[in-house]
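In the order they appear, the protein sequences are chains A and B. All letters in the first sequence, in the order written, are residues 33 to 276 by the numbering used here. All letters in the second sequence, in the order written, are residues 12 to 512 by the numbering used here.
Incorrect hints may appear among the rest.
[Stated by the list, open to error] Anything over 10 Å on all C-beta distances counts as not near chain A; from chain B, calculated:
1) 101
2) 105
3) 495
[As the list claims (entries may be wrong)] Derived pair list, reagent style DMTMM-like, types lysine to aspartate or glutamate, alpha-carbon separation capped at 20 Å:
4) B:169 with A:47
5) B:302 with A:41
6) A:50 with B:244
Hints were generated in silico from the structure; no laboratory data involved. Backbone N, C-alpha and C define an ideal beta-carbon position, used for all residues, glycine too.
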Amino acid sequence: MRIDATGLDHRTLNEQIKTAIAAGETEFDLANVCGTRYIGCGIDQEVDIRIEGIPGNDLAAFMSGPRIHCSGSVQDSVANTMNGGLVVVPGHAGDVLGYSMRGGRVYVRENAGYRIGIHMKSYLNQEPTIIIGGRAKDFAGEYMAGGKLIILGLDTPSGEPLAGRYCGSGMHGGAMYVRGEVPEAHIGKGVSVEEITAEDQEMLRATLKPYCEALGLGVEEIMGAPFQKLRATSTRPHGQLYAY
Amino acid sequence: MPLSLIPAEFNVQRDADLCIECGVCTRQCAHGCQNIDPEDGSVSSDEKLCVGCQRCVTLCPTGALQVVQRAEQGRYHAVWNTGARRAIARQAESGGMLLTGMGADKPFPLYWDRLFLNASQVTNPSIDPLREPMELRTFLGAKPDKIEFDQQGKPLTKLSPQLELEIPVIFSAMSYGSISLSAAMSLARAAAESGTYFNTGEGGLHRSLAQYGSNAIVQVASGRFGVTPAYLENSAAVEIKIGQGAKPGIGGHLPGEKVSADVSATRMIPQGADAISPAPHHDIYSIEDLKQLIYALKEATGYSKPISVKIAAVHNVVPIASGAVRAGADIVAMDGVRGGSGATPTMIRDNVGIPIELALGAVDAQLRKDGIRHRASLVVAGGFRNSADVMKAIALGADAVYIGTAALIGLGCHMCQKCYTGKCTWGIATQDPYLTKRLNPEIGVRRLKNLLRAWGLEMKEMLGGMGMNSIDSLRGNREMLRGIDMTEQELEILGVLPAGR
């Protein structure tokens with residue numbers, strides 16, 4: 033189904049999508065999207081949504097199932113509390129990407145903004161994955177409780193940090209993988225930097241394969257550079273705070 | 012281990028003539044205070060471990076036990092009293108923040124007790140609620156600016172989604188995890204059977220409570236625990252939790268030892284993992300961001316449910332509440348400084364925030380002044396003890412009241428304030444199966460329904476006494492209130508005249 037989003041507000045656009053899904057439609061091509069918020073919000077069916085243009089904030093919020101392919105960059109709060117599905121972004125992503133995300137995958141080709149992957153968490157077989165092709169700003173992976181946040185640093189000018197300050201502060205689960213190095217001063221409290229194991233290497237190759245396929249990149253070329261692994265030093269950061 | 016200098020809080024008095032050394036007290040105590048000697052079967056108490064929960068006293072078959080708060084110990088000092096010294100000793104020994112449970116226990120002024128309701132005499136007749144219909148039914152949600160009708164008299168205006176309450180009292184947010192499943196089940200079923208609602212808190216909706224979804228207000232807090240499209244869908248309303256009266260401005264933390272298999276499945280986090288709710292929602296740094304989340308939830312639920320925003324009553328509560336209304340909240344819930352909690356730092360509970368009475372009076376007045384009062388309902392929380400408190404809140408402009416502590420006391424809570432230990436001997440604030448069995452949900456439901464029925468009867472009597480037959484006539488009707496023992500400024504903030512005027 034093709035929908036021309038010109039002049040449509042988010043409520044009308046989403047109503048059209050939801051009504052069509054209820055009628056059995058599984059493929060959507062949204063044309064001329066220009067800042068429309070909440071696309072895919074709360075949809076729990078496995079449908080395909082292709083977006084031509086720039087979707088607005090809260091793309092894929094509370095979503096559990098759809099595969100969303102964008103044509104360029106996206107704005108803030110993408111994949112907010114996302115429970116499952118896929119978001120592919122060939123351009124840049126804004127702030128607060130994947131906040132409290134519990135499942136599914138977010139693939140960003142270029143850079144991401146501030147506060148990405150905050151409080152990502154995993155549960156049973158749900159393990160959220162965010163892959164950033166370029167670099168991320170401050171507070172990446174803050175309060176991270178589960179899942180994988182991968183930062184590749186592709187096309188990053190030398191000297192530019194791959195992640196901003198307070199990277200992983202308050203982290204108590206999950207792992208970040210950085211292709212290159214995060215400056216020591218940028219590593220948050222309670223985060224340890226480790227070398228990756230052969231097992232990690234295998235996991236990364238398998239995880240990056242669909243990312244590279246979706247965005248036309250070469251896995252081996254990416255795997256050719258060394259990765260760092262950032263993990264929480266404690267799963268109980270609050271254990272010693274209180275007098276009982 | 013060095014000698015602890017923390018003074019004991021309670022005297023455990025055992026009448027040797029009455030005690031039959033049956034050992035009930037030793038089995039009922041979860042804090043290790045009551046012990047039985049395995050050799051000679053004699054029972055004894057380690058007073059330092061007593062929390063004053065009154066479980067042993069209540070269950071002792073011969074009435075041999077009494078647990079009383081100790082008098083001041085040592086030389087009297089009005090400032091450095093035993094409580095202040097005990098807190099310091101505890102911190103000097105542990106190096107940690109003091110934790111507590113329930114609402115603030117300091118003697119803050121209770122404005123409810125300084126407000127009096129009106130009644131009809133001579134010039135207008137009072138109504139007997141036993142003979143005449145009397146309505147407590149309340150609708151929560153945004154009301155239209157105006158209602159338009161077609162020529163046949165049918166309304167053209169489409170109403171926003173509303174919650175329909177048979178009594179303007181809702182069970183406040185208490186998460187499964189902080190309270191037991193038996194307690195959560197009691198609240199859910201009592202709400203459903205009494206025509207009101209319960210609030211899941213931020214810990215998700217346990218699968219056995221899913222059948223009560225149409226009476227559930229489901230919370231979305233900063234940790235987003237258990238929040239899925241299905242969770243949002245199976246609800247009566249969705250509440251964004253920004254703050255809580257017992258801990259404004261700080262996050263929450265359910266320690267891993269309370270994250271059992273069942274709690275883990277409900278919160279959708281690994282078993283035994285800490286459940287940390289960051290202090291802010293990291294996607295909300297402004298009113299515009301709040302609006303974005305409100306509308307994300309409206310989109311996710313197809314505009315079919317009211318969206319509530321719960322905030323703690325703090326100094327600038329008026330512009331915050333006004334901002335929440337302008338951001339599209341259908342309900343604004345405010346929790347005052349006396350609001351309860353399962354676990355909160357004592358200093359925050361007892362020192363941060365403002366009384367709900369003043370917050371309510373100020374917010375309701377400002378929203379009216381701005382002409383936006385109808386765009387959201389106001390629900391207030393924080394230490395509502397009885398039906399008269401509820402009536403006074405409604406006269407001050409509230410649409411409904413959240414009760415947490417009162418409901419727990421109805422279930423058997425004895426206010427020992429040790430919820431955070433997870434060893435609640437009454438089976439309420441614990442996940443230990445040995446303890447949770449003590450709360451039978453069948454009995455819990457009956458007790459909570461009784462409580463709501465009793466409050467409803469009293470509210471109808473008070474309404475009838477004022478010559479009103481509907482709670483709507485009381486809402487924001489400050490003419491029905493008079494104050495004593497308040498400064499002019501307090502009276503002005505509440506919008507109430509002094510008694511005698």
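Results of checking the hints against the structure:
A beta-carbon of chain A is positioned within 10 Å of the beta-carbon of residue 101 of chain B; the least distance is around 5 Å. The Cβ of residue 105 of chain B does not lie farther than 10 Å from every Cβ of chain A; its closest approach is about 4 Å, which violates its non-interface assignment. Residue 495 of chain B, annotated as away from the interface, keeps every beta carbon of chain A farther than 10 Å; the closest lies near 40 Å. Proximity of residue 169 of chain B to residue 47 of chain A is assessed by CA-CA distance (about 17 Å); at most 20 Å being required, the pair is judged to hold.
Under the criterion of a C-alpha separation no larger than 20 Å, the hint pairing residue 302 of chain B with residue 41 of chain A is consistent with the structure, at around 16 Å. Note on residue 50 of chain A and residue 244 of chain B: the hinted pairing holds, with a Cα-Cα distance of about 14 Å set against a maximum of 20 Å.
The structure is inconsistent with the numbered hints 1, 2, although it conforms to all the rest.
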